[in-house]
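Q: Sequence:
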Amino acid sequence: MSKIRDNLHYFKISQDNSELHLDENYFILEKHPNLPEYIKGIKEIKEILITIKKLDENNESKGIVDKYLLKLFNVFKNNFANCSELGCFVNACDTTRDMVQKDYETFKKITMLFIKRRILDDKVPENWIQAIIDSNSSRKKGDLGEKKLVSVLDKKGYKEINTWNDFFKNNKCVAKFSSGDFSIKNIREKLNLKIKTKKQNKNLDLLIKNGEKILLLEAKHLNTGGGEQDKQLAELIEILGLKEKGNVYYISFLDGTYSNSILGKIGKKSKKKYRQRKEIEKCLKANANNFWVNTAGFESLISDLK
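At position 163 of the sequence shown (counting the first as 1) the number is 162 in numbering that gives the first Met the number 0, and the numbers step up by one without a gap.
The hints are simulated quantities; they were obtained by calculation from the structure and are not laboratory data. Treat the numbers as computed from the prediction; the structure is a model and nothing was measured. Check the hints yourself; a few may be wrong.
What the hints assert, rightly or not - EDC-like, lysine to aspartate or glutamate: derived pairs with alpha carbons at most 16 Å apart:
| hint | residue 1 | residue 2 |
| --- | --- | --- |
| 1 | K107 | D97 |
| 2 | K158 | E145 |
| 3 | K115 | E84 |
| 4 | K146 | E23 |
| 5 | K42 | E84 |
| 6 | K115 | E56 |
| 7 | K76 | D102 |
| 8 | K115 | D55 |
| 9 | K175 | E145 |
| 10 | K146 | D204 |
| 11 | K53 | D120 |
| 12 | K171 | D303 |
| 13 | K197 | E237 |
| 14 | K39 | E84 |
| 15 | K53 | D121 |
| 16 | K175 | D142 |
| 17 | K45 | E84 |
| 18 | K146 | D22 |
| 19 | K171 | E159 |
| 20 | K219 | D22 |
| 21 | K45 | E125 |
| 22 | K11 | D303 |
| 23 | K189 | D165 |
| 24 | K42 | E125 |
| 25 | K264 | E280 |
To be verified - FRET-style restraints, in silico, Cβ to Cβ:
| hint | residue 1 | residue 2 | range |
| --- | --- | --- | --- |
| 26 | E46 | G156 | 51 to 57 Å |
| 27 | D165 | I114 | 54 to 60 Å |
| 28 | N73 | D120 | 18 to 24 Å |
| 29 | L28 | K115 | 34 to 40 Å |
| 30 | E278 | L34 | 42 to 48 Å |
| 31 | K277 | D120 | 53 to 59 Å |
Glycine residues also receive a C-beta, built at the ideal position from the N, C-alpha and C atoms.
Take these sequences, add in the hints, and give me the full structure.
A: Next comes the structure, spelled out in structure tokens:
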């Protein structure tokens, strides 16, 4: 019967089995289910913009123009408005949609700049709305990563559960951290765990149970390096340094092509990656119950978990 090997064994498996350049688990190929609502919202924005432009050209009173600007401001707060040309133009003005929708005066200024500096028409093509949605699809990759790992666990006999009753009733199960039953606060209390991350109330991703063994998993999907990616990698390395009682394990899971850069051969000029890799290896040697894995490493670890 297989049993869990030391963490460097699964680290080596991860090194020897690179991530695919294209992982279909992260493909988002279907049209957005709310595309009609996006079209409706953007059409309304364009109609109001055209009205404001005509009023401004006809030197209508400020009160009338402000009436339509306020109407546009309220429509702009709708989530389905974030794929409009005006919503994209906000980024060209060195700010964000989230900030502008809280600041009416800034919104007015940006709207009038948009009217003066951009071509305004009443067309709302479905294809370019979907294209903008596609360009923002990376924000959904976290949920897809959890879904991928739950699928791996499902094939190994783990049941996905949503209540503590089911968690304690099932020998092999997995739950997603959430703001409900499986919040980090509840998990700490129910299982008598510390989970001493720097951000005390930050949820991890998956809670896995196999008999008396508990595994806490944090997952990241990275394809490129950079400041934000370094921050996410640091979060994974932090997980490797956490300690609990003997039957509790921490897993730092990283897939995507950036995983290959961290696990593969590192050139002399890549000082940052070299430093990150050394931190990972140091944490693994100091914490026998913690694991750093990619897809192949995770599959092997779960297969050996008896």
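Q: Hint by hint, which ones does this structure get wrong, listed from lowest number up?
A: none
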